[in-house]
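> Residues per chain are reported as follows:
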Amino acid sequence: MILVVNGVEHELDLDPRTTLLDALREHIGLTGAKKGCDHGQCGACTVLLDGRRVNSCLILAVTQQGTPITTIEGIDHPVQRGFLEHDGFQCGYCTPGQICSAVGMLDEVAQGWPSAVTDGGGDDLLSDAEVRERMSGNLCRCGAYANMVPAIKEAAAQ
Amino acid sequence: MKTFTYRTATDTAGGLEPGAAFLAGGTNLVDLMKLGVATPDVLVDVTRLGLDEVTSLEGGGLRIGAGVRNSDLAAHPAVRRDFPVLSQGLLAGASGQLRNMATTGGNLLQRTRCRYFMDATKPCNKHAPGTGCPARQGDHRNLAILGGSEHCIATHPSDMAVALVALDAVVNTSQRSLPVSDLYRLPGDDPSRDTILDHGELITSVDLPALAMPSTYRKVRDRASYAFAVSSIAAAAKVADGRVTDVRLAFGAVAPKPWRALIAEEALRGKPATRESFLAAADAELAAAEPLKDNAFKIPLVRNLVASVLEGLTS
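The listed protein sequences derive, respectively, from chains A and B. Under our numbering, read the first sequence as residues 1 to 158, first letter to last. Under our numbering, read the second sequence as residues 159 to 473, first letter to last.
Chain A on its own, in the form it takes in the complex:
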């Protein structure tokens, strides 16, 4: 099968049980996406599929032949600078997933997608409450959330 990751084609011979996360980490050597819970509950494995954020641990690699896949290694985005400037991490294990998720989330906001805390239209889709709700699929064991919120908001303003 052929996986297109960060613009590069990789020809792989994989067992159909292989998740996209394991294909990236164990077969392509891109270890930025992390295996946290391996059950879609923590968000550490977040990558972008055709620009949309997803949990790569719950996706079978065989289903994504030809789909453009972007991992943290292929991202160059103000969110990364924001995390550095606002100290949006402690141990760093969840950070690649947080950043991929934030990049995908900001694109969702740009398209005007609502969230569970959005009331009607025209409100600030990047208030603190919005950022927290929209990023709730990414857990941080160290609890660095308080610094991630301004990091993401500042990146969005750029």
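Treat the hints with care, as some may be off.
Computed beta-carbon distance windows for the label pairs [claimed, not checked]:
1) B:T197 x A:E26: 22 to 30 Å
2) A:G29 x B:D210: 27 to 35 Å
3) B:S332 x A:D50: 37 to 45 Å
4) B:P372 x A:D107: 27 to 35 Å
5) A:E11 x B:P281: 18 to 26 Å
6) B:A445 x A:H27: 54 to 62 Å
7) B:A446 x A:E26: 47 to 55 Å
8) A:D15 x B:A385: 29 to 37 Å
9) A:D119 x B:T168: 37 to 45 Å
10) A:C37 x B:A446: 50 to 58 Å
11) A:C142 x B:G218: 45 to 53 Å
12) B:P292 x A:C91: 34 to 42 Å
13) B:D326 x A:C142: 46 to 54 Å
14) A:H77 x B:T197: 34 to 42 Å
Just so you have them, the derived chain B footprint on chain A, three or more residues with Cβ under 8 Å [claimed, not checked]:
15) 50–56
16) 86–93
17) 109–117
Simulated from the structure, these hints should not be mistaken for laboratory data. Note that beta-carbon positions come from the ideal geometry of N, C-alpha and C, so glycine has one too.
With chain A's structure known, arrange chain B on it following the hints.
Only chain B this time, still in chain A's reference frame:
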């Protein structure tokens, strides 16, 4: 994970060999395969069938392709405008990542998150028929108070399906069309089957008839976001001259299926739109509840949800 073979479906006619399963977003099925709870021999990928469109129906309704992702459906302008209960229900569920993956058809067919069902090493009449149900004596805080049986008290986990039941949605499959409320069956003495669908019957779309009332969804959960419901409610109501002229109510996380509260609806029609009426209607519906030691709190919780949500909709 048990080995399987993979292929992509080439048409919407449905049909599967024994031991095969359809794969859509995979957010539940792949997880259950990792856990050894789902053990298909063959996966048939239905995400390349072009079932990813939302189209208008005559009279103001919508047809939602079974492959439409939960995030796209929640953000769809016509859904937000005409069916807010559905948009809100979808956004109350899962995370941004999971909603980008999960499909309409797959959301309907997701399995319970009862901890005994999710653990292949535990007895469970749903994943291993005849092995018993430890939940009655064990952890049942978030399990059913309505519609359960001595063999199973699992709750259906979907938020979207609760909204669809309240909306009188119709499910179109490779074989037939049926009201979404008829899609699900109660466990009785065979909890292994959640729905009445035949093996290989493929959901192709869901139709929403027009809704001429305000509607809303409210979900109570143990944390502010990204958790399954402890209880939820989908509601729509219309009031004229201070009286309820039309109402729809459905409850989530209280029964093995999204629970349409027909008794409460009947009790409300023509009644004054007051908190007293709303509470009386909730009591009528909940009279059949059979709570256990640790989930009886859901009765006052749902009762208060009914009153609070209907007050908001009708004021």
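> Work down the list of hints and note, for each, if the structure agrees.
So, going through the hints one by one against the coordinates:
About 23 Å separates the C-beta atoms of T197 (chain B) and E26 (chain A), a value consistent with the hinted range of 22 to 30 Å. Separation of G29 (chain A) from D210 (chain B) is about 33 Å and conforms to the stated range, judged on CB atoms against 27 to 35 Å. Roughly 27 Å separates the CB atoms of S332 (chain B) and D50 (chain A), a value that falls outside the hinted 37 to 45 Å. About 31 Å separates the C-beta atoms of P372 (chain B) and D107 (chain A), a value consistent with the hinted range of 27 to 35 Å.
Distance hint check: the CB atoms of E11 (chain A) and P281 (chain B) are about 45 Å apart, inconsistent with the given range 18 to 26 Å. For A445 (chain B) paired with H27 (chain A), a C-beta distance near 58 Å keeps the hint of 54 to 62 Å intact. Roughly 52 Å separates the CB atoms of A446 (chain B) and E26 (chain A), a value that falls within the hinted 47 to 55 Å. At roughly 33 Å, the beta-carbon separation of D15 (chain A) and A385 (chain B) lies within the given 29 to 37 Å, and the hint holds.
At about 44 Å, the beta-carbon gap between D119 (chain A) and T168 (chain B) stays in the expected band of 37 to 45 Å. With their beta carbons about 38 Å apart, C37 (chain A) and A446 (chain B) fall outside the hinted range of 50 to 58 Å. As the Cβ distance of C142 (chain A) to G218 (chain B) is approximately 50 Å, the hint placing it in 45 to 53 Å holds. At about 37 Å, the beta-carbon gap between P292 (chain B) and C91 (chain A) stays in the expected band of 34 to 42 Å.
Between D326 (chain B) and C142 (chain A), the C-beta spacing of about 47 Å keeps the proposed range 46 to 54 Å intact. Between H77 (chain A) and T197 (chain B) the C-beta distance comes to about 41 Å, which sits within the given range of 34 to 42 Å. Judged by the Cβ-Cβ criterion of 8 Å, the segment 50–56 of chain A is covered by chain B as claimed, because 4 of its residues qualify and three suffice. Against chain B, the segment 86–93 of chain A contributes 0 residues with a C-beta closer than 8 Å to a partner C-beta. That does not satisfy the three-residue criterion, and the hint is violated.
Closer than 8 Å: that is the beta-carbon criterion, and the segment 109–117 of chain A has 6 residues meeting it against chain B, so the requirement of 3 holds.
Hints 3, 5, 10, 16, counting from the list given before, are not met by this structure.
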